[in-house]
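Visitor: If you're matching them up, the sequences are chains X and G in order. Following our numbering from start to finish, the first sequence increments by one per residue and tops out at 481. Following our numbering from start to finish, the second sequence increments by one per residue and tops out at 775.
Among the hints, a few may not be true.
Cβ-to-Cβ under 7 Å is the rule here; a few derived chain X residues that face chain G [to be verified]:
#	residue
1	G96
2	E184
3	N189
4	D242
5	A243
6	V352
7	R355
8	T356
Subject to a maximum C-alpha distance of 30 Å in a straight line, what follows is the list of computed DSS-like cross-link-like pairs (lysine-lysine) [as the list claims (entries may be wrong)]:
#	chain 1	residue 1	chain 2	residue 2
9	X	K288	X	K187
10	G	K651	G	K760
11	X	K252	X	K469
12	X	K351	G	K760
13	X	K187	G	K578
14	G	K578	G	K651
Think of the hints as simulated: they come from the structure by calculation, not from any bench. Remember, it's a predicted structure, so these values are computed and weren't measured experimentally. Yeah, the Cβ is synthetic: ideal placement off N, Cα and C, and Gly gets one too.
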Amino acid sequence: MASLRAQLLRRKPVTAMAEETGADSGTGELRRTIGLFQLSMIGIGGVIGTGIFFVLSKAVPTAGPAVIWSFVIAGVVAGLTAVCYAELASAVPVSGSSYSYAYATLGELAAMVVAACLLLEYGVSTAAVAVGWSQYLNQLLENVFGVRIPEVLSAAPDAGGWLNLPAVVLVGLCALLLIRGTSESAKINAAMVVTKLLVLAMFVVIGVRGWNSDNLANFAPHGIGGVYGAAGVIFFTFVGLDAVSTAGEEVKNPRRTMPLAIMIALVTVTVMYVATALVAVAAQPADKFKEQEAGLAAILQDVVGASWPGTVLAAGAIISIFSVTLVVLYGQTRILFAMSRDGLVPSVFHKVNPRTITPVRNTVIVSVAVAVLAGLIPIDLLSEMTSIGTLVAFIVVSVGVIVLRRTAPDLPRGFKVPGYPVTPVLSVIGCVIIITNLEMITIVAFLMWTAVVLIWYLAWGRRHSELGKSERRRARTEEPS
Amino acid sequence: MTVLLGLPRGERATAALGLAALLARSSRSDLVVCAVAPASWPPGLAKIDAEYQEYLNQASQEALDSARLALPADVATSFVAVRARSTPHGLLEVAEKHSASLLVLGSSSTGGIGRVSLGSVADHVLHSAPIPVAMAPRGYRCRVGSTVRRVTAAYGATHGGADFAAAAAKLAGQLGATLRLASFAVRSGPVITAGVGLHAEDGVLGEWSQYIEQVQRDTLAQLTELLSGPPAMESTIGYGRDWHESVEDVGWTDGDLLAVGSSSVGPLARVFLGSRASKIVRNSPVPVVVLPRS
Numbered sequence: 001m002a003s004l005r006a007q008l009l010r011r012k013p014v015t016a017m018a019e020e021t022g023a024d025s026g027t028g029e030l031r032r033t034i035g036l037f038q039l040s041m042i043g044i045g046g047v048i049g050t051g052i053f054f055v056l057s058k059a060v061p062t063a064g065p066a067v068i069w070s071f072v073i074a075g076v077v078a079g080l081t082a083v084c085y086a087e088l089a090s091a092v093p094v095s096g097s098s099y100s101y102a103y104a105t106l107g108e109l110a111a112m113v114v115a116a117c118l119l120l121e122y123g124v125s126t127a128a129v130a131v132g133w134s135q136y137l138n139q140l141l142e143n144v145f146g147v148r149i150p151e152v153l154s155a156a157p158d159a160g161g162w163l164n165l166p167a168v169v170l171v172g173l174c175a176l177l178l179i180r181g182t183s184e185s186a187k188i189n190a191a192m193v194v195t196k197l198l199v200l201a202m203f204v205v206i207g208v209r210g211w212n213s214d215n216l217a218n219f220a221p222h223g224i225g226g227v228y229g230a231a232g233v234i235f236f237t238f239v240g241l242d243a244v245s246t247a248g249e250e251v252k253n254p255r256r257t258m259p260l261a262i263m264i265a266l267v268t269v270t271v272m273y274v275a276t277a278l279v280a281v282a283a284q285p286a287d288k289f290k291e292q293e294a295g296l297a298a299i300l301q302d303v304v305g306a307s308w309p310g311t312v313l314a315a316g317a318i319i320s321i322f323s324v325t326l327v328v329l330y331g332q333t334r335i336l337f338a339m340s341r342d343g344l345v346p347s348v349f350h351k352v353n354p355r356t357i358t359p360v361r362n363t364v365i366v367s368v369a370v371a372v373l374a375g376l377i378p379i380d381l382l383s384e385m386t387s388i389g390t391l392v393a394f395i396v397v398s399v400g401v402i403v404l405r406r407t408a409p410d411l412p413r414g415f416k417v418p419g420y421p422v423t424p425v426l427s428v429i430g431c432v433i434i435i436t437n438l439e440m441i442t443i444v445a446f447l448m449w450t451a452v453v454l455i456w457y458l459a460w461g462r463r464h465s466e467l468g469k470s471e472r473r474r475a476r477t478e479e480p481s
Numbered sequence: 482m483t484v485l486l487g488l489p490r491g492e493r494a495t496a497a498l499g500l501a502a503l504l505a506r507s508s509r510s511d512l513v514v515c516a517v518a519p520a521s522w523p524p525g526l527a528k529i530d531a532e533y534q535e536y537l538n539q540a541s542q543e544a545l546d547s548a549r550l551a552l553p554a555d556v557a558t559s560f561v562a563v564r565a566r567s568t569p570h571g572l573l574e575v576a577e578k579h580s581a582s583l584l585v586l587g588s589s590s591t592g593g594i595g596r597v598s599l600g601s602v603a604d605h606v607l608h609s610a611p612i613p614v615a616m617a618p619r620g621y622r623c624r625v626g627s628t629v630r631r632v633t634a635a636y637g638a639t640h641g642g643a644d645f646a647a648a649a650a651k652l653a654g655q656l657g658a659t660l661r662l663a664s665f666a667v668r669s670g671p672v673i674t675a676g677v678g679l680h681a682e683d684g685v686l687g688e689w690s691q692y693i694e695q696v697q698r699d700t701l702a703q704l705t706e707l708l709s710g711p712p713a714m715e716s717t718i719g720y721g722r723d724w725h726e727s728v729e730d731v732g733w734t735d736g737d738l739l740a741v742g743s744s745s746v747g748p749l750a751r752v753f754l755g756s757r758a759s760k761i762v763r764n765s766p767v768p769v770v771v772l773p774r775s
């Protein structure tokens, strides 16, 4: 058996990845079809629209009106990491998630760490947005029918309820769609992007009438620490920018298109977020945000003094959050699928139902886990957990860019980070600063989770790794000679 | 063995006649052409219905006569006209009486040219027939004197798949044709904003293909063991973005026949199309035969 060091550093050959995807299903042919506009839409669609609907209730108490700077900081860090991500993705001429890129370039251990982060990011953010959905659903029900789902059935135990039923139902619905086999075309994505942007634009245009400069007087009550802390909370509203990088191999002229699309997506999203946050903090005093449910809808209703803007906004939020829940749940199942094929998690995750041609058991297991999280854990904790997962994954990716430049300088890369080595270093520093300003309990929980995953890897994955198996087979056949 | 053709009323049933002759010729069996007319009402006060009944009888006879002219001479054919309270009912009765082993129907005239579409009679028969039901695409023509050369079994690798494959193999044997197992996959696109790449679904499809190929191989091996003198067999998988593409993908030639199994949710030993089978039937460019679940 190979030494532990060799096991931890073994990398998956790119040729094997190419064989796994496509070759046997007649889809190997790659065409560069995605242009700048479409790629930017993928970026905006991946990022915008869910976190912003409920993250202010947690971020504003932390930072005060200075929360707008938190958005800018989070946006800049997300942009830096997305650029690094794009280089790593372009070095591996096969599409996949950051897990597969890490496996191909940095080795099994790094892939496992990235996987731990991704599982946390995807799983927890699905739960988080599902909880946010339940708030807006309640708002809509109250405005339209005058009823609310009772507190017991619409809040987590810690938040004074018993079970967040709407969140669980949402996850269940998405799971059903995924089991039936669902896809998202560029057209649907564009429609969702427009919906989300319109909803936020409506908030800004109407909400600005409630502008009160007095609310901005105490601009940064908790100082720079508060601003960084809030940046950690809202970082997860920028999750999804990496979707741009994973589309890399089909992008026309990636060297130019890739950074431009990341910039366009980032600027659009950051401007929208900052505008929304600015209007929100100007419309009501900072202490009112705390534990405000369906925040944006509530603010609009206060500003106008009627319920209709809140109703429209809640409806828009319900639609867009639904689509995002579906997308993230999908991502989660497919990452586990890839890991399972690599032998790092049990094979039940890559069993495909012959009837529906979808990984049904995988989807069911993931959905149950996410539904439990969404039903029982309050939203504040969920959003910070998502952020830390993403941040650590981004650190690994940024470090990976530097490592790969040194260990494999000649590797053909479709896209190179501009301003190397400053960009990846800044990206790492940015992520570290945000992480250190997160709450202690988040960091501890994250470390425990990573430890669990690594113990799992050492005890089980290491031995069952398909890569390890094929190496051993090769060793055995070579031995007699 | 007897092939029964349910003659559509009021149309030139060239497609159905051609298919019936083809099947009878391939299986070297008799052909019974049957025209069903509505049953008469109970005898009333004054037999005012008689004229209408006479008209119906005449229409049946005319249909049978024109069928007689259209049918090729090399198939032993008999002609029956029956009265029944409904066409499906009458057809099934005649099938039982002649112990027919195959029932042939025409496609509905509302479907597109070259496609199989189920009319109301076919739909009803499919829910209640204990024997295989064959249907020709609209406008179907086959060469004079030709036979079925290959039966393609749409194979789903689900519960009861092995029995269906055996039934299809038996049918292929009776028709003197080769057997091809075909599975169809509709490829769904990935969720593009999920950050797992644009080819995440390829892995899923690859896994499915591996599994299906294995099952197909096993089934073929099983059939070789099970049947004495099994027909020549092969297997294939069709991919496409929708059912039409996917069915087209396996390639079709003259003398092909597509066999689909009835759904496992219907009552035992009755044909009944499941959701996927009906999609395959709708998109089939060749005649289709629906096999009852054994």
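Visitor: Hints first: check each against the structure and report whether it holds.
Guide: Do the hints match the structure? See the list:
The closest approach between the C-beta of X/G96 and any C-beta of chain G is roughly 5 Å, which is under the 7 Å cut-off, so the hint is satisfied. For the restraint placing X/E184 at the interface with chain G, the shortest Cβ-Cβ distance is roughly 4 Å, inside the 7 Å limit, so the hint holds. With its C-beta approaching chain G no nearer than about 6 Å, X/N189 sits inside the 7 Å limit, and its interface hint holds. With its C-beta approaching chain G no nearer than about 5 Å, X/D242 sits inside the 7 Å limit, and its interface hint holds.
Interface restraint check for X/A243: the shortest CB-CB distance to chain G comes to about 4 Å, inside 7 Å, so the restraint holds. Using the Cβ-Cβ criterion of 7 Å, the hint placing X/V352 at the interface with chain G is satisfied: the shortest such distance is roughly 4 Å. At its closest, the beta carbon of X/R355 sits 5 Å from a beta carbon of chain G; the interface hint therefore holds under the 7 Å criterion. A hinted interface residue such as X/T356 counts as satisfied when its beta carbon comes closer than 7 Å to some beta carbon of chain G; here the least separation is about 10 Å, so the hint is violated.
As the CA atoms of X/K288 and X/K187 are separated by approximately 39 Å, the hinted pair breaks the 30 Å bound. Restraint check for G/K651 and G/K760: satisfied, since their Cα atoms lie roughly 24 Å apart, inside the 30 Å limit. In summary, the hint linking X/K252 to X/K469 is not supported, as the alpha carbons are separated by about 38 Å, beyond the 30 Å threshold. For the given pair, X/K351 sits about 25 Å from G/K760 by alpha-carbon distance, which is consistent with the 30 Å threshold.
A hinted pair counts as satisfied when its Cα atoms are at most 30 Å apart, and X/K187 with G/K578 does not qualify at roughly 57 Å. Between the alpha carbons of G/K578 and G/K651 the distance comes to roughly 23 Å, so the proposed pair stays at or under 30 Å and holds.
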